[in-house]
Amino acid sequence: MSYVAIADQHAHLHDPQTFITKYVWSQDHKVIAIQYMVTAVAVGLVALALSVLMRLQLGFPDTFHFITPSNYYQFVTMHGMIMVIYLLTALFLGGFGNYLIPLMCGARDMVFPYLNMLSYWVYLLAVLVLIASFFVPGGPTGAGWTLYPPQAILGGTPGADMGITLMLVSLAIFIVAFTMGGLNYVTTILQARCRGMTLMRMPLSVWGIFMATILGLLAFPALLVSAVMMGLDNLLGTSFFMPAIMSLGDQTGHKGGSPLLFQHLFWFFGHPEVYIVALPAFGIVSDLISTHARRHIFGYRMMVWAIVAIGALSFVVWAHHMYVSGMNPYFGFFFATTTLIIAVPTALKVYNWVLTLWRGDIHLTVPMLFAIGFVFTFINGGLTGLFLGNVTVDVPLSDTYFVVAHFHMVMGVSPILVVCGAIYHWYPKITGRMTNELLGKVHFWCTLFGTYAIYLPMHYLGILGVPRRYFALGDTFFIPDSVQTMNAGITLAALFVAATQMIFLFNLVWSLKHGKKAEANPWRATSLEWQTPDTPPRHGNWGPELPVVYRWAYEYGAHGGAEDFVPQNEPPRDGATPAHGHDR
Amino acid sequence: MNLIVAFAGIVAGILVWWLAVRRLTTRSWEAQGTYDGRDSANLMGIEPARIGLWIFLAVVTSLFALFIAAYSIRMSPQPQQGVVLRDWRPVVEPSILWVNTALLFVSSLGMQFARNAIGRGQVGRASSGMLAGGVFAVAFLVGQLLAWRQLQAAGYYAAGNPANAFFYVLTGLHGLHLTGGLVVLCRSGARMSRPGVSPGAVRLGIELCTVYWHYLLVVWLVLFGLLLIT
Chain A
1 MSYVAIADQH AHLHDPQTFI TKYVWSQDHK VIAIQYMVTA VAVGLVALAL
51 SVLMRLQLGF PDTFHFITPS NYYQFVTMHG MIMVIYLLTA LFLGGFGNYL
101 IPLMCGARDM VFPYLNMLSY WVYLLAVLVL IASFFVPGGP TGAGWTLYPP
151 QAILGGTPGA DMGITLMLVS LAIFIVAFTM GGLNYVTTIL QARCRGMTLM
201 RMPLSVWGIF MATILGLLAF PALLVSAVMM GLDNLLGTSF FMPAIMSLGD
251 QTGHKGGSPL LFQHLFWFFG HPEVYIVALP AFGIVSDLIS THARRHIFGY
301 RMMVWAIVAI GALSFVVWAH HMYVSGMNPY FGFFFATTTL IIAVPTALKV
351 YNWVLTLWRG DIHLTVPMLF AIGFVFTFIN GGLTGLFLGN VTVDVPLSDT
401 YFVVAHFHMV MGVSPILVVC GAIYHWYPKI TGRMTNELLG KVHFWCTLFG
451 TYAIYLPMHY LGILGVPRRY FALGDTFFIP DSVQTMNAGI TLAALFVAAT
501 QMIFLFNLVW SLKHGKKAEA NPWRATSLEW QTPDTPPRHG NWGPELPVVY
551 RWAYEYGAHG GAEDFVPQNE PPRDGATPAH GHDR
Chain B
1 MNLIVAFAGI VAGILVWWLA VRRLTTRSWE AQGTYDGRDS ANLMGIEPAR
51 IGLWIFLAVV TSLFALFIAA YSIRMSPQPQ QGVVLRDWRP VVEPSILWVN
101 TALLFVSSLG MQFARNAIGR GQVGRASSGM LAGGVFAVAF LVGQLLAWRQ
151 LQAAGYYAAG NPANAFFYVL TGLHGLHLTG GLVVLCRSGA RMSRPGVSPG
201 AVRLGIELCT VYWHYLLVVW LVLFGLLLIT
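Chains as they are written, first to last, in the numbering used here: chain A, 1 to 584; chain B, 1 to 230.
Hints were generated in silico from the structure; no laboratory data involved.
Mixed in with the good hints there might be a few duds.
[Stated by the list, open to error] Non-contacting residues of chain B with respect to chain A, defined by C-beta distances greater than 10 Å in every case (computed): (1) Ile46; (2) Ser95; (3) Val123; (4) Leu131; (5) Gly175; (6) Leu182; (7) Gly196; (8) Ser198; (9) Tyr215.
[Stated by the list, open to error] Stretch by stretch, here's where chain A covers chain B in the computed footprint (C-beta under 8 Å, at least three residues): (10) 62-76; (11) 105-113.
It should be emphasised that the depicted structure is a prediction, and the values quoted were computed from it without experimental measurement.
Just so it is clear, CB atoms sit at the ideal spot from N, CA and C, and this is done for glycine as well.
With the hints as constraints, model all of the structure from the sequences given.
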């Protein structure tokens, strides 16, 4: 049948010849994945440094004179934009998506390898343009990561000269890169699965990445639309988003544009973006928990449905970011309702993770610690989401530190915990070496407690009414002096967490050379990527024969044999019945 | 905004329908055993490039749908500080747009001709069809540029009024997509001009170009209709 021809295209599979084609202009999905990961982590370190600078200013105002109010806003903006788009989106889809999809589906590579390579280089260009904005006159934009007009392009906002233009250009380039990659991921999952790998046998990691990619493909155009129109407002003086407005004492030429239109377009992208980051994390964490608890994932089918339902619902909740922007109360009611509805499949997933752990043979390995830390943190962040999803509760909490705490818990710390867990989990496959377990555990506990020391107090600050995005609080009657003390404490915790990430990086680099040699399947996992003939997998992944899949990816638990798991591609023995066939 | 909701609804509907068709109810934990052949990884034997193109068309549809949604939101009267601002002054579409529409239609016909010809294995006729498609597409683009110049001459500047700005953006975006299509068409053409090329080697490229051409024709008809009625 023709699927073999597609999945098994080894004959004309761009075999690398030289160092350059092997490691630089490579079309191998594994190399591209590593390029994506390294670039994303590198730019993420920039964002981490920016957050440290922000916290220094907030914790110890009037101390660091090189941080001006303009700088502060630039740090806030670039930190947010880099973390959400250039780090998390690129890392989950470009990094893990690229590495895992072909291996987990049993393909030799992505179906469009050349496009895949192009995707990375265009992404790199987007990153370079973004970084370049630090070095242009006026510096990067300081409009906040949401880039709301009119202030984003008015004089007086930091970076209104060139920074905002570079930001919009960089976003447009990123979207092009993402579209090229996304076409690949979706088509590969649809068309290049190996024999026997039905959709409902795919590991949940692939499901999460698949759905997130679809969301990205449909939602990123909204960001492109808003970037194009804002760019025209800025450069050509059109009035898509710009109302008639005075700027620095002068009447601008703009007239009658709608700033609210921008907000609708931006959040039509912005809310699915939350799930573009969250769904791969959901999928990956499901696999980590199942593997390290030696137990099948509880309610696999429900997990898949939940991913699909969350994906569909994520397109109809966007205006809950805009309760205070002015809208018809009926719209507020509608969006509050959809927001509560989307909590249902999300909560289902949490129950299923917990039920997977229930009576499992839990191995507290480093990836497992991070996975459990994720579930914990995600519940925390999710609960505050219920507060903010309701209009009446949201209005007084809008633009306070409560919001900052909420979204950092739910889409900052949680996905980062999954990223770390996933890196510790797949590092042996990617490099052929184990990471250092002691350093990993130190990294985990410091990160977990450190981030809670940062964000739990912020909830309290938010309920007091401390506004976010302020350079300094000054004397405000409802803000007691103790807030400053707490802010200083939060800053110390932030410095601590930032420092402990260096342990992580050290571990990764050190283990490359000095880590223990990894076996092919150190976690005794069932999914296909652990069954490759070579570790790390060679070009083409599978040797002469593609694998054939006989079961789903969660066959853990006692089977009467020597091992407590059955790989997906192990042929069934005659008369063998699936384990635990009755309790699911 | 209603348009955006409707668009989102359609997207979600298609997604759920498709997944339902793909047997989301399989009990994967029981379905152990050899490959049962029911869920071929390759969807009905379709080439990956074809699937890729259709997904890309979905992305482009999303892009244009969002622009149209923005257009209709921006067109409706804007209440600002209690005052309803009616600042939408429609563009009087230059009549050359009708000629351009005809050109694009002929271009699409040429592509369809090429597609039919290559289906019968006639490389020569397919080449002339593609050439016609390409030439008429270029003529369409030139016509669009002329329309822009006429509008400029008539004083419809982009910065003057949101209707003008939208006109330039929508037509420009469509033109860019067609330009991208022309690049791909040139590559297919180059492959065809090699001596002794077999119809099978170029068939997929021509078919996909034709699909894309028809798609852009439909997009243009929607955009043109929208511009005419507003």
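Comparing the hints with the structure gives:
For isoleucine 46 of chain B, the shortest C-beta to C-beta distance to chain A comes to about 8 Å, within the 10 Å cut-off, and the non-interface label is violated. Here serine 95 of chain B stays apart from chain A, with its beta-carbon at least about 25 Å from theirs, past the 10 Å limit. Listed as outside the interface, valine 123 of chain B is consistent with that label: its C-beta sits roughly 23 Å from the nearest C-beta of chain A, beyond the 10 Å cut-off. The claim that leucine 131 of chain B lies off the interface holds: its Cβ sits roughly 27 Å from the closest Cβ of chain A, which is beyond the 10 Å cut-off.
With a least beta-carbon separation of about 14 Å from chain A, glycine 175 of chain B lies farther than 10 Å from that chain, consistent with its non-interface assignment. Non-interface status of leucine 182 of chain B relative to chain A is upheld: no Cβ of that chain comes within 10 Å, the nearest being about 18 Å off. No Cβ of chain A comes within 10 Å of the Cβ of glycine 196 of chain B; the nearest lies about 20 Å off, and the non-interface call holds. With a least CB separation of 17 Å from chain A, serine 198 of chain B remains clear of the 10 Å interface cut-off, as annotated.
The non-interface label for tyrosine 215 of chain B is consistent with chain A: the shortest C-beta to C-beta separation is roughly 15 Å, beyond 10 Å. Residues of the stretch 62-76 of chain B lying with their CB closer than 8 Å to a CB of chain A number 7, which satisfies the three-residue condition for coverage. Coverage of the stretch 105-113 of chain B by chain A is violated. Counting CB-CB distances below 8 Å, 0 residues qualify, and the rule asks for three or more.
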